[in-house]
Amino acid sequence: MLMHPDQKSDLLGAETETPILALNRVTKTFPGVTALSEVSLELFPGKVTALVGENGAGKSTVVKILTGIYQPDGGEIEIDGAPCRFPNSQAAGDAGVTAIHQETVLFDELSVAENIFLGHAPRGRFGLIDTAEMIEKARAILVSIGAQIDPHTRLKDLGIANKHLVAIARALSIDARVVIMDEPTAALSQKEIEELYVLVEELKDQGKAILFISHKFDEIFRIADHYTVFRDGALVGTGSIADVSEGELVKMMVGRDVSQIFPERDHNVGDEILVVEGYEHPTEFADIDFTLHRGEILGFYGLVGAGRSEFMQSLFGITRPASGTLRIDGEKVVIRSPADAVANGIVYVPEDRGKQGAITALPIFQNVTLPSLGRTSRNGFLRLAEEFKLAREYTERLDLRAASLDTDVGNLSGGNQQKVVIAKWLATQPKVIILDEPTKGIDIGSKAAVHEFMAELAAQGLAVIMVSSEIPEIMGMSDRVIVMREGRIAAELSGDQITPESLVRHAAGI
Amino acid sequence: MSKHVLMSREMLLTGAIILLLGIIASRFPAFIAPSNLANVFNDTAPLILLAIGQMIVILTRCIDLSVAANLALTGMVVAMINVAMPELPVPVIIVISIGFGALLGMINGVLVWKLAIPPIVVTLGTMTIFRGTIFLLSDGKWVNSHEFSDTFKAFPRTELLGLPLMSWIAIAAVIFFTLVMSRTTLGRAFYAAGGNPHAATYAGIDVGKTQFWAFTISGALAGLTGYLWVSRFAVAFVDLAGGFELNVVAACVIGGVAIMGGIGTVVGAMLGSLFLGIISNALPVVNISPFWQLAISGSAIIIAVALNAQANRDKGRIILKRAENAT
Amino acid sequence: MTETPRSSIPDRLRSPLDRRLKSWETLLLAVAIAIFVVNSFTSPYFLNAWNLSDMTFNFTEKAMIAFAMALLIIAGEIDLSVASIIALASTAMGAAVQVGVGTPGLVLIGLGVGLLCGAFNGVLVTRMGLPSIVVTIGTMSLFRGISYIVLGDQAYRGYPSDFAFFGQGYVFWVISFEFVLFACLALIYYVLLHKTNFGRAVYAIGNNPVGAEFSGIRVARVKFILFLLTGLMSGVAAICLTSRLASTRPSIAVGWELEIVTMVVLGGVNILGGSGSIPGVVIAAFVMGLVTFGLGLLNVPGIVMSIVIGALLIGVIALPRLWQTWRLQAAKR
Chain A
1 MLMHPDQKSD LLGAETETPI LALNRVTKTF PGVTALSEVS LELFPGKVTA LVGENGAGKS
61 TVVKILTGIY QPDGGEIEID GAPCRFPNSQ AAGDAGVTAI HQETVLFDEL SVAENIFLGH
121 APRGRFGLID TAEMIEKARA ILVSIGAQID PHTRLKDLGI ANKHLVAIAR ALSIDARVVI
181 MDEPTAALSQ KEIEELYVLV EELKDQGKAI LFISHKFDEI FRIADHYTVF RDGALVGTGS
241 IADVSEGELV KMMVGRDVSQ IFPERDHNVG DEILVVEGYE HPTEFADIDF TLHRGEILGF
301 YGLVGAGRSE FMQSLFGITR PASGTLRIDG EKVVIRSPAD AVANGIVYVP EDRGKQGAIT
361 ALPIFQNVTL PSLGRTSRNG FLRLAEEFKL AREYTERLDL RAASLDTDVG NLSGGNQQKV
421 VIAKWLATQP KVIILDEPTK GIDIGSKAAV HEFMAELAAQ GLAVIMVSSE IPEIMGMSDR
481 VIVMREGRIA AELSGDQITP ESLVRHAAGI
Chain B
1 MSKHVLMSRE MLLTGAIILL LGIIASRFPA FIAPSNLANV FNDTAPLILL AIGQMIVILT
61 RCIDLSVAAN LALTGMVVAM INVAMPELPV PVIIVISIGF GALLGMINGV LVWKLAIPPI
121 VVTLGTMTIF RGTIFLLSDG KWVNSHEFSD TFKAFPRTEL LGLPLMSWIA IAAVIFFTLV
181 MSRTTLGRAF YAAGGNPHAA TYAGIDVGKT QFWAFTISGA LAGLTGYLWV SRFAVAFVDL
241 AGGFELNVVA ACVIGGVAIM GGIGTVVGAM LGSLFLGIIS NALPVVNISP FWQLAISGSA
301 IIIAVALNAQ ANRDKGRIIL KRAENAT
Chain C
1 MTETPRSSIP DRLRSPLDRR LKSWETLLLA VAIAIFVVNS FTSPYFLNAW NLSDMTFNFT
61 EKAMIAFAMA LLIIAGEIDL SVASIIALAS TAMGAAVQVG VGTPGLVLIG LGVGLLCGAF
121 NGVLVTRMGL PSIVVTIGTM SLFRGISYIV LGDQAYRGYP SDFAFFGQGY VFWVISFEFV
181 LFACLALIYY VLLHKTNFGR AVYAIGNNPV GAEFSGIRVA RVKFILFLLT GLMSGVAAIC
241 LTSRLASTRP SIAVGWELEI VTMVVLGGVN ILGGSGSIPG VVIAAFVMGL VTFGLGLLNV
301 PGIVMSIVIG ALLIGVIALP RLWQTWRLQA AKR
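Those sequence lines, one after another, are chains A, B and C. Sequential numbering of the first sequence, starting at 1, is according to the numbering used here. Sequential numbering of the second sequence, starting at 1, is according to the numbering used here. Sequential numbering of the third sequence, starting at 1, is according to the numbering used here.
Just so you know, these hints were derived from the structure itself, not from any lab. Careful: at least some of the hints might be erroneous.
Each computed DSSO-like pair below joins lysine-lysine, with the alpha-carbon atoms no more than 27 Å apart [stated by the list, open to error]: (1) A/Lys440 <-> A/Lys332; (2) A/Lys216 <-> A/Lys440; (3) A/Lys355 <-> A/Lys216; (4) A/Lys355 <-> A/Lys64; (5) A/Lys216 <-> A/Lys204; (6) A/Lys64 <-> B/Lys114; (7) B/Lys209 <-> A/Lys156; (8) A/Lys355 <-> C/Lys195; (9) B/Lys209 <-> A/Lys64; (10) A/Lys447 <-> A/Lys216; (11) A/Lys191 <-> A/Lys156; (12) A/Lys440 <-> A/Lys191; (13) A/Lys204 <-> A/Lys137; (14) C/Lys195 <-> A/Lys389; (15) B/Lys209 <-> B/Lys141.
To be clear about the criterion: a stretch of chain A counts as covered by chain B if any three or more of its residues have a C-beta under 8 Å from a C-beta of chain B, and this derived list gives those stretches [claimed, not checked]: (16) 128–136; (17) 286–298.
Here the structure is a predicted model, which means the values were calculated and not measured. In this text, a Cβ means the ideal position worked out from N, Cα and C, and glycines have one as well.
Produce the complete structure using the sequences and hints provided.
Below, the structure is given as structure tokens:
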């Protein structure tokens, strides 16, 4: 059911009225990159349009153009069929376009009401902000979305889910005709996601046009009416959700047939290498006991915010637990810093690549050798030839694609950056490698490469801990799975026990 | 709960000030006589004015080290205008001083806004440029008491309801800027731009422009203070108020303004100024050499920033159920 | 460069020499030479070995601190208290002279006070996690404040005659001890920053302190050492300056922190951390020395020179950015 984009939009135009908001052959270039080339997008009143594409396909650029952060270099934005411009985000707001962003971008030090009305607060006498009315209006909006939040509360005193509700309230406070939801469910629990769906339905009933950006196909098929697919900054398909299958969407996204295949693995598990007993932190996690074996991939599953990353970071010495013991190869060790962890053979590939994983402004080879400088140097003096040798050895093992080894890591794609981070740790010849959401935000090709490599590492006898929120990944890769909920181990599953149902059930506590 | 935190920071400082006054009064009761306290307040008025401006600048994640140099330059300019045109009425002089100071502040603001140069570099540079300009204007000479017109000198000392106009201007500024900060879009923008610049951009706030206005306000207040300072002490020279920018930053830090931006209040800045003002006025009374002043304000900065950091320490995410109940 | 080779990634695409030729340092060197040429034409007194030797005193002491400051700024911190450390170290040495301490003792005291002050800053920043800019604004007042408490409006004099060598002695013909020390320290800091693991850690921390910590670098320890080094260099500079002036007043070296930061920034160090080089700082030291000396020969008063320095500080950052925006706009048209 693939049609040419132009043809398709004619067809849609015939069945409904003109779109509230449309992009017409919009192009956006950055130095050296074309982020968008002549893409079109139409949003209709009372309809949800899902914008689908891999990372780097141009989705966030579209959001930034629609909200006035970026200016298109070519093409037009149309409102009710009339061309218009959004020179800044104020203008986009005035035109009735509002966005709820991936991370909740709000202000910790301001009150909830101020967060909702920042930039468009009701004015009273002398043009001063009418605090009483602002509070009242904020309360009304919060009630309308079923949020039990006092508008006086300072934002920093709220939990992550409530912050998200404030972000939604903010979007609604602008009398919006177009609501952009950029990965709105990323930080939410299942229950909160359900509430969000209800809210989306209400917005549809009010005749608002919704642009829904998500990586999760179940969501897209559940709430979207239309879809638009981008690939590498170009429009590859658009149409009605009813006329498309999941497989067809994936095909459009990646430009080829991909069913996620995980590498074949022998589940040959060796002897114990890491034993964790009674790890406990005052606020983040408690009662963590488990063992890890050579050649094993141990999956850590749970909802976002279940305390998995926090526990891993304490294992790596970033935060110190209040109590608990750690044995490596039967010997008790105390880890006070990442340097201690590395010295004891524990390494950590963090989820936040840009901030924690790589030093993006330094070249590839310097990133790779950073924790191994002791080996490449002599008496503390650098030896560049040794560094290049080590960096080459490990980046080649990971099949890194780069122009040269002195390219800055920031110039690489997400997948290749992840390979640099993994190469950095393998070069230290660790005993235990912890991978935190190792394939999050990287393209499908690199994803498979990372999976294959993980299997290879395990086969060579390395012990692997994999934190992941993706059920297929957990099921495809793990020998054993620990499910965490609210900072504690909810279940330990192995073999046939690892089913999607059991994972979700333990993670959600039902 | 948030209200309590907000209150406690200022209440703590008020408590510290009362304690300080109590200690001084235990040995020199005359110090807390209303007339003397009024004097202390009047002496501190310039610091309060500058600290309000600095507070706004720091809120937006910037710093203005050029305030004292701005004060001195504007002071010299209005002094020379007064010498050249003694007939010019004081309100015009005040308008000129505010305008000229704002202009100097705008220079900082434009460099930060349009060229994105780190504020510390910009204001360290303009600080020396302003000072050097005073030398160029005055040829290094002083403008002395007898050269000023009487009305020029009399204004800040003129009493209204028992307080000199100097004090009234400080009080007016505190009230005016409290209103601006809490009840205007610009005021909230200062908090937003400093608290979360990324989010502020999405909320339609131009962070650079907001910083520009912060520097402009700081400059305007420095200019106004320049006139008040020169007329009160009836002298203008190159090194006028030399190093005073450190006292201003100290007042803000003591007043609970977070140097990383986004946190601070006008009242806090005022209390921080008063704390320093009381100490500097009490030193001669309790017979400590004024040479102690510098070391004391330095220690006060360090202690205050350490306390602020303690209060804002990241305590980790609350994931465990019992931890949630405990707080 | 069309097709990336699959299994063999080249080490480098551009040669290090090519990189160096197109660097800020090369531009700065050209500026230094230009100023030198202009100076030698405008003043007949400029091209004289002794005058040029005198000129080096304009920057040697500041440059010693600037080397350590460069590392500190590259690592993303700053120390505004350096000039006050000079004052405190000088005061301590002056006080020691009054009780009859000899030259070796004075040197130890100067270095020791510098180290202690650096350690104090370092503890506040790395142990207590306070922002260095505020901490060192505080210690800037505190350290000089202690000098004022000790000295008031008095001065210490009477330094032993052999103490004069550090600031007034000559090693060979017109080559002063200070200049030799400056050259040695330049070499030491060059090796430290560009040729050692420690230097690599400094760059890593400056570019991304969290990433560096996550890579197993002991960030707090490295930063603490940098504060120690900056304090130590301030102590060294205090010895040279005190020896040169043969007296100590609490206002000694006032405002130097500004000139030192200017020197570092002029030398191409990013004030936000992450990049910069020692050769750049060395050339910047010469540029500032030459400008000050040239203006001095033309009888321009000192305070006017400070305008030039302030303008330089802003100008060296502003001009490349203006140029960039101008080019971007030109490209759009």
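Right, here's what the structure says about each hint:
1. A/Lys440 <-> A/Lys332: violated, 33 Å
2. A/Lys216 <-> A/Lys440: Answer holds: A/Lys216 to A/Lys440 is near 13 Å, not above 27 Å.
3. A/Lys355 <-> A/Lys216: Status holds; Cα separation ~25 Å.
4. A/Lys355 <-> A/Lys64: holds, 22 Å
5. A/Lys216 <-> A/Lys204: Holds, at about 20 Å.
6. A/Lys64 <-> B/Lys114: Given pair A/Lys64, B/Lys114 holds - Cα atoms ~21 Å apart, limit 27 Å.
7. B/Lys209 <-> A/Lys156: Distance of about 26 Å is within 27 Å: holds.
8. A/Lys355 <-> C/Lys195: holds, 26 Å
9. B/Lys209 <-> A/Lys64: Holds - the C-alpha atoms of A/Lys64 and B/Lys209 are around 20 Å apart, at most 27 Å.
10. A/Lys447 <-> A/Lys216: Distance ~16 Å between A/Lys447 and A/Lys216 Cα, so the pair holds.
11. A/Lys191 <-> A/Lys156: With a Cα-Cα distance of about 22 Å, the restraint between A/Lys191 and A/Lys156 holds, given a limit of 27 Å.
12. A/Lys440 <-> A/Lys191: Distance of about 23 Å is within 27 Å: holds.
13. A/Lys204 <-> A/Lys137: Holds - the C-alpha atoms of A/Lys137 and A/Lys204 are around 22 Å apart, at most 27 Å.
14. C/Lys195 <-> A/Lys389: Satisfied, since the Cα-Cα distance of roughly 17 Å is no more than 27 Å.
15. B/Lys209 <-> B/Lys141: Judged against 27 Å, a Cα distance of about 38 Å means the pair is violated.
16. 128–136: Held - the region 128–136 of chain A has 3 residues with a Cβ nearer than 8 Å to chain B, which meets the minimum of three.
17. 286–298: Contact hint for the region 286–298 of chain A vs chain B: violated, 1 residues under 8 Å.
Hints 1, 15 and 17 from the list above are not met by this structure, while the remaining hints are.
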